[in-house]
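*Asks:* Each chain, written out:
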Amino acid sequence: MILLRLFWIFLKIGIFTFGGGYSMIALIQNEVVEKQGWMTAQEFTDILAISQMTPGPVGINTATYAGYTAVVNAGLPAWQGVAGSLIASFAVILLPVIAMTLVYNYLSKHRDNPVINSMFRVLRITVVGLIAAAALLLLGEESFGVPGFNKQFVISVLLFVGAFYLSWRHKTSPIILILACGFVGWIAYSF
Amino acid sequence: MYYDKNIFIKVQLKRKQNVNKRKTFASLMYRQLFVSFWKIGAFTIGGGYVMIPLMEREVVDRRKWLTREEFMDYLSLSQAMPGVFAVNMATCLGRRLGGFRGVVCAIAGNILMPIVLILLLAVFFRYFRDNEVVEHIFMGIRPAVVALIAAPVFRLAQSAKVSWSNCWIPVVAALLIWIWGVSPVWVILAAMAGGLVYGKVKGDVAPKNKEAR
Numbered sequence: 001m002i003l004l005r006l007f008w009i010f011l012k013i014g015i016f017t018f019g020g021g022y023s024m025i026a027l028i029q030n031e032v033v034e035k036q037g038w039m040t041a042q043e044f045t046d047i048l049a050i051s052q053m054t055p056g057p058v059g060i061n062t063a064t065y066a067g068y069t070a071v072v073n074a075g076l077p078a079w080q081g082v083a084g085s086l087i088a089s090f091a092v093i094l095l096p097v098i099a100m101t102l103v104y105n106y107l108s109k110h111r112d113n114p115v116i117n118s119m120f121r122v123l124r125i126t127v128v129g130l131i132a133a134a135a136l137l138l139l140g141e142e143s144f145g146v147p148g149f150n151k152q153f154v155i156s157v158l159l160f161v162g163a164f165y166l167s168w169r170h171k172t173s174p175i176i177l178i179l180a181c182g183f184v185g186w187i188a189y190s191f
Numbered sequence: 001m002y003y004d005k006n007i008f009i010k011v012q013l014k015r016k017q018n019v020n021k022r023k024t025f026a027s028l029m030y031r032q033l034f035v036s037f038w039k040i041g042a043f044t045i046g047g048g049y050v051m052i053p054l055m056e057r058e059v060v061d062r063r064k065w066l067t068r069e070e071f072m073d074y075l076s077l078s079q080a081m082p083g084v085f086a087v088n089m090a091t092c093l094g095r096r097l098g099g100f101r102g103v104v105c106a107i108a109g110n111i112l113m114p115i116v117l118i119l120l121l122a123v124f125f126r127y128f129r130d131n132e133v134v135e136h137i138f139m140g141i142r143p144a145v146v147a148l149i150a151a152p153v154f155r156l157a158q159s160a161k162v163s164w165s166n167c168w169i170p171v172v173a174a175l176l177i178w179i180w181g182v183s184p185v186w187v188i189l190a191a192m193a194g195g196l197v198y199g200k201v202k203g204d205v206a207p208k209n210k211e212a213r
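Going down the list, the protein sequences come from chains W and D.
If you read the first sequence in our numbering, its first letter stands for residue 1, the second for the next number, and so on.
If you read the second sequence in our numbering, its first letter stands for residue 1, the second for the next number, and so on.
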């Protein structure tokens with residue numbers, strides 16, 4: 001039953017993802033964490049970290065991993081989790097691929113249609129807000145610890161500011177940032 | 001690896017004479033599509049947009065399947081359409097080069113390695129999750145992940161041409177989702193409707209989005 005729900009939800013996520021993997025994060029988070037309650041925000045953040053560090057499209061990686069985690073969290077065996085992850089990644093690409101093939105000819109002929117151009121322009125602007133919302137929703141105790149003057153919160157804020165600055169200004173590669181922050185976490189919390 | 005760039009022309013000529021050769025041509029093409037997209041998927045970390053340079057090198061420079069202008073056109077089309085960017089790109093090129101079977105080959109090649117790797121990680125990470133050291137490492141990583149999602153917001157705002165007159169759109173979208181818990185699906189639908197109405201009313205005021213990248 002959860003496999004069917006998984007298929008339906010990721011079908012929906014796929015067709016409403018405009019502007020790449022980062023806006024898909026907002027949709028997956030909304031469905032999987034908030035609405036369905038299949039995993040905690042913390043688990044979702046860990047999935048995001050691993051999806052960004054492994055090769056491949058972030059959207060596919062996140063869908064695959066989230067599909068597996070949702071099924072296994074529901075208490076089902078691991079092989080069904082594998083089925084769940086395959087279903088999630090298949091569902092997420094199914095409708096976009098069909099849509100893409102259908103409009104391939106049409107849009108390449110009608111690229112200068114002002115109405116369609118205007119729609120895509122507004123969509124691109126809106127997606128910026130979508131991604132901001134994904135980041136805002138992750139700003140919580142799950143990622144930063146309890147606010148206040150304690151060790152975890154101070155270190156988390158410093159890591160956040162540093163990673164934000166390096167990624168924004170210097171376009172430092174995500175994998176280097178994640179590895180570096182993991183190293184800092186290991187040193188800071190273990191000793 | 002040695003590669004004859006005229007092989008398609010040569011094989012295409014032979015194809016007219018020999019039906020058996022047609023099969024050779026087709027399978028070669030599909031194999032090359034699969035291998036090219038396998039490389040693109042397996043060797044890029046950080047998502048679809050990191051793949052663009054590798055894709056360009058593979059498809060335009062090495063295989064010479066497309067001109068650079070065609071590549072740019074497919075690029076903006078893939079960005080405008082819903083779905084995962086890299087998969088959209090694979091659909092476009094697969095469709096163009098090999099029809100439906102081309103689409104299947106390109107997509108399968110693109111997502112094969114990522115899915116296998118993620119599955120291996122997903123299965124085994126559960127056993128390490130409760131390990132103290134792993135927990136400490138992830139306590140350091142979590143704030144960085146939030147920062148990594150927040151940082152592209154400003155870069156994307158520039159390329160989407162967000163200005164003082166329309167910056168209320170992303171702000172309202174973010175607040176709706178963040179504060180009131182509105183589903184992003186409704187926000188996307190509202191934006192589509194708004195864009196269509198705006199285009200109908202204003203006509204060709206909307207600028208051409210050729211350089212959007």
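Treat the hints with care, as some may be off.
[What the hints assert, rightly or not] Listed next, the stretches of chain D that the computed footprint assigns to chain W, with coverage defined by at least 3 CB atoms under 8 Å from CB atoms of chain W: (1) 55-64; (2) 136-146.
[What the hints assert, rightly or not] Computed from the model, here is a short list of chain W residues facing chain D with C-beta under 7 Å: (3) R5; (4) H170; (5) T172.
[Claimed, not checked] Here are a few chain W residues that sit away from chain D, every Cβ distance over 12 Å (derived from the structure): (6) M1; (7) I28; (8) F44; (9) V97; (10) G148; (11) L177.
Hints listed in this document are in silico derivations from the structure and should not be mistaken for laboratory results.
Note that beta-carbon positions come from the ideal geometry of N, C-alpha and C, so glycine has one too.
*Asks:* With reference to the structure, classify each hint as holding or not holding.
*Replies:* Results for each hint:
Under the rule that three or more residues need a Cβ within less than 8 Å of chain W, the assignment of the stretch 55-64 of chain D is violated, with 0 such residues. Residues of the stretch 136-146 of chain D lying with their CB closer than 8 Å to a CB of chain W number 11, which satisfies the three-residue condition for coverage. A distance limit of 7 Å between C-beta atoms decides the matter here; for R5 of chain W the minimum to chain D is near 16 Å, and the interface restraint is violated. A least Cβ separation of about 10 Å between H170 of chain W and chain D goes past the 7 Å threshold, and the interface hint is therefore violated.
Interface hint at T172 of chain W: violated, since its Cβ lies 9 Å from the closest Cβ of chain D, which is beyond the 7 Å cut-off. Even its closest Cβ contact with chain D, about 21 Å, leaves M1 of chain W beyond 12 Å, as expected for a residue assigned away from the interface. Non-interface status of I28 of chain W relative to chain D is broken: a Cβ of that chain comes within 12 Å, the nearest being about 10 Å off. Residue placement check: F44 of chain W does not keep its beta carbon more than 12 Å from all beta carbons of chain D (closest about 10 Å).
A Cβ of chain D approaches the Cβ of V97 of chain W within 12 Å, the least distance being about 5 Å, so the stated non-interface status is violated. Every CB of chain D lies more than 12 Å from the CB of G148 of chain W, the least distance being 15 Å, so the non-interface label holds. Not every beta carbon of chain D lies more than 12 Å from that of L177 of chain W, the smallest distance being close to 5 Å; the non-interface claim is violated.
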